[in-house]
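**Q** Chain by chain, the residues run as shown.
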Amino acid sequence: MTILTLSTHPKLLVTLRTLCAVVGGYAASACLSLLFAQWLGLTERPAEAFIKMVFFVVFCTLIIWSFAINSHKKAFIHMAGLNAVVWAVYLATQGVSA
Amino acid sequence: MTGSLRQSMTWLHTWSSITAGWILFAIFLTGTLSFFRNEISYWMQPELHQSVPNEQSVIVAYDYLTENAAQANEWQISLPDARKNTLDLSWTSPGEARERRRGPRVQLDASTGEPLEARQTAGGNFLYRFHFELYGMPREVARWLVGIVSMMMFVGIISGVIMHRKIFADFFMFRPGKKLLSWIDGHAISAVLALPFHIMITFSGLILLGNTLMPWNGEGHHGGPRDRGAGGGDRPAAVQVAKDFDDNPPFDKMFRQFEQLWQVPVDTLSISKPGTNKVTYTLGGGNRTELSAGRGGETSFTFDRNGEQISTRPANSEENTAQAVYNYFDMLHQARFADTPTRWLLFFAGILGTIMVGTGSVLWAVKRSKQQMGQFGFELIRGLNVGTIAGLMTACGSYFWANRLLSAELASRSGWEINIFFIVWAMGIVGGLIWRDRKGWLVQLSLAGTLFTLLPILDSITSSTSVFFALTTADWIRLSFDISCLLIAAVLWLSVYYLAVQKKGRRGRNVPASPAPKRKVKPLKTAGGEA
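Chains A and B are the protein sequences, given in the same order. Each step along the first sequence adds one to the number in my numbering, with nothing skipped, and position 22 is 33. Each step along the second sequence adds one to the number in my numbering, with nothing skipped, and position 45 is 46.
You may find that some hints are simply not true.
In silico DSS-like links for lysine-lysine, alpha-carbon gap of 25 Å or less [unchecked claim]:
1) A/22 to B/180
2) B/167 to B/180
3) B/179 to B/371
4) B/167 to B/179
5) A/84 to A/22
6) B/368 to A/22
Keep in mind that the hints were calculated from the coordinates and are not lab data.
Could you build the full structure based on these sequences and the hints that come with them?
**A** Written out as C-alpha cells, the structure is:
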C-alpha cells in the first residue's frame with residue numbers, strides 16, 4: 012500500500028500516526044532512558060527509579076514532538092530515524108561494555 | 002498534526018483527553034477521596050464513633066494487653082491520632098512466628114478499653130484501590146489500563162499548556178452565563194489554578210505504575226547486588242515464662258522525651274518482652290520527618306524498663322539522588338507526610354482536577370452540539386458524560402448510604418456495598434444514555450445532591466452516637482466527613498440551580514441553545530479528515 016493510497020484514508024493515517032507516536036515513542040524512550048542511566052553509572056534500585064522518572068518525561072515529549080511535526084510522512088521518518096540511532100548507540104555500548 | 006503547532010496540540014489535547022475522560026474522572030474522583038481514606042473508613046464503621054481518646058489512652062491499651070496478652074513476646078499499640086480515634090492493638094502469641102499484619106488484633110475504645118466490634122466494610126480502601134486497580138478485572142490488566150489513561154492525561158496536560166495563548170490571563174477569566182465560553186473558562190480555571198498539582202499527581206501516579214508499564218525495568222535488569230535489607234521477618238517466639246508487669250510504666254516521661262527530640266507526636270508504641278526485666282519500649286513518630294527515604298522516613302526512640310534511653314533512630318535519608326527524588330514523588334502522591342491542613346489542600350486540588358476532567362468532557366459535547374447533534378458517536382459521548390459524571394456522584398452517595406442501611410450482620414457485607422456502588426453507577430449510565438440532555442443531568446445531579454445532603458442526618462440516626470455527641474466530643478474526623486458531604490451537596494445543588502435557571506432563561510428570552518464562541522479554535526484538518 013503506497014503513501015498515495017493511504018492519503019485517501021485519513022482515519023487510517025491518523026491511526027498510523029498515533030501508533031507511530033505511541034509505539035515508536037515507547038521504544039525510543041525506553042532506549043534513551045536506559046542509555047541515560049547507563050551513562051550516569053546507575054545500577055539496580057537507583058537505576059530503576061531513575062528510568063521510571065526519565066522514561067515518562069521522554070515518552071511524553073516524544074509523543075508531543077511526533078504530533079507537532081507538520082507532515083505524516085516526516086513524522087514516520089523522524090520517529091524511525093530516532094529509533095534507529097538510539098538503538099544502534101545502545102546496542103553498540105552494550106557490545107563495548109560486554 | 003498537519004496544521005500549526007497550536008492546532009496540532011489542540012487536536013492532541015482534545016483526543017487524548019476525551020477518549021480517556023470518563024475513566025480519568027472516576028480515577029481522579031476516587032483518588033481525591035482516597036486522601037481521606039482512613040477518615041472515610043472510620044465514618045463507615047459507626048461502632049467506633051463512641052471512642053473518645055484522652056491522655057490516658059496509652060494506659061488503657063497497656064492494661065488491656067496485660068490482662069489479655071500477658072504471655073505475648075511483643076505488643077504493638079497504634080495510638081489515636083488526627084486520623085483515627087481508636088486504639089489498635091496486636092501482639093505475637095507464644096509459639097507463633099513473628100509476621101507482619103498477622104497475629105491477634107483488637108480495636109479498643111480509647112477511653113474505656115472496651116473492645117469494639119466494627120462492621121465489615123470496604124470503607125475508604127475500596128475507593129483507594131479502585132483509583133489504581135479498578136475492580137472486577139485482573140490486577141495487571143487494570144494497572145495497564147490505568148497507566149495508559151494516566152499517560153494520556155499527562156500528554157493532555159502538557160499539550161493543553163502548549164495550546165494556550167495566554168495561560169496567565171486564564172487565572173482571572175470566567176464569563177458566566179455564556180454557555181460554551183463559561184465551560185471553556187471553567188475548564189481552564191480548574192486546570193490552571195492547580196496546574197503544578199495536576200502535573201505532580203499525574204507524573205507521580207505514572208511512576209508508581211512504572212513496574213507495570215515498564216516490565217523490562219524490573220529486578221535484576223541493571224546489574225549489581227540487590228539490597229534486600231537485613232534479615233527476614235520470621236523469628237521463633239519466646240517460650241512461656243513467668244511475667245512481672247510494671248503497674249505504671251513511665252510513659253509520660255518517654256513521650257515527653259520523644260516529642261522533644263523529634264518534634265512529632267508519638268503514633269505507635271512497640272513493647273518487646275513485656276513483663277520481663279528485659280522489656281523495651283519503642284516509640285514511633287506519627288509524621289515523617291524525612292521524605293527522601295520513602296517509607297523509612299519515620300523516627301523512633303527506645304527506652305528500657307525505667308524509662309531510660311537505650312537508643313534513638315533518626316529517619317533514614319536516601320543518599321542516591323535519583324532514588325531520593327523518586328521517593329519524594331512517591332510520598333507526595335500518597336500524601337504520606339501530610340498533616341490535616343496539607344491533606345485538605347491536596348484534597349481541594351484533587352477536586353479541581355476532577356472538575357477539570359469533568360468540564361473537559363462536557364465542553365467537548367457542548368462545542369459540537371450544533372454540528373453533530375443526532376449523530377451516533379456524539380450522542381453516545383453525551384450520554385456517557387451524564388452517566389459517568391453525574392452517575393458516579395450518585396454511586397458514591399449510594400455507597401455511603403448502603404454502608405449504613407445494610408444490616409451490620411449481613412454476610413459479605415463489604416461486597417454488597419461495592420455491588421450497590423456499581424449497580425447504581427450502571428443505572429446512571431443507562432439513564433444517561435436514555436436521557437442525554439439537560440433533563441438527565443438535572444435528575445441525576447438532584448439525586449446525588451439529595452443523597453449527600455441527607456448523609457449527616459443518616460449518620461446521626463444510624464451511628465451508635467449522634468452527631469451532637471460528635472460535636473460535644475470534638476470528633477473532627479467524623480464531623481469533617483459530614484461537613485464535606487454538605488459541601489459536595491452544595492456544589493451539586495448549585496449545578497442543578499444553574500441548569501434550571503439556564504433552561505428558564507432560554508425559554509423566557511428565546512436565546513439560541515449554543516451562542517457562537519468568540520474564542521473559537523480552528524478544527525484540525527487531516528488530509529481530508531476532520532478534527
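**Q** Look at each hint and say if it fits the structure.
**A** Do the hints match the structure? See the list:
no.	hint	verdict
1	A/22 to B/180	31 Å, violated
2	B/167 to B/180	21 Å, holds
3	B/179 to B/371	15 Å, holds
4	B/167 to B/179	20 Å, holds
5	A/84 to A/22	15 Å, holds
6	B/368 to A/22	21 Å, holds
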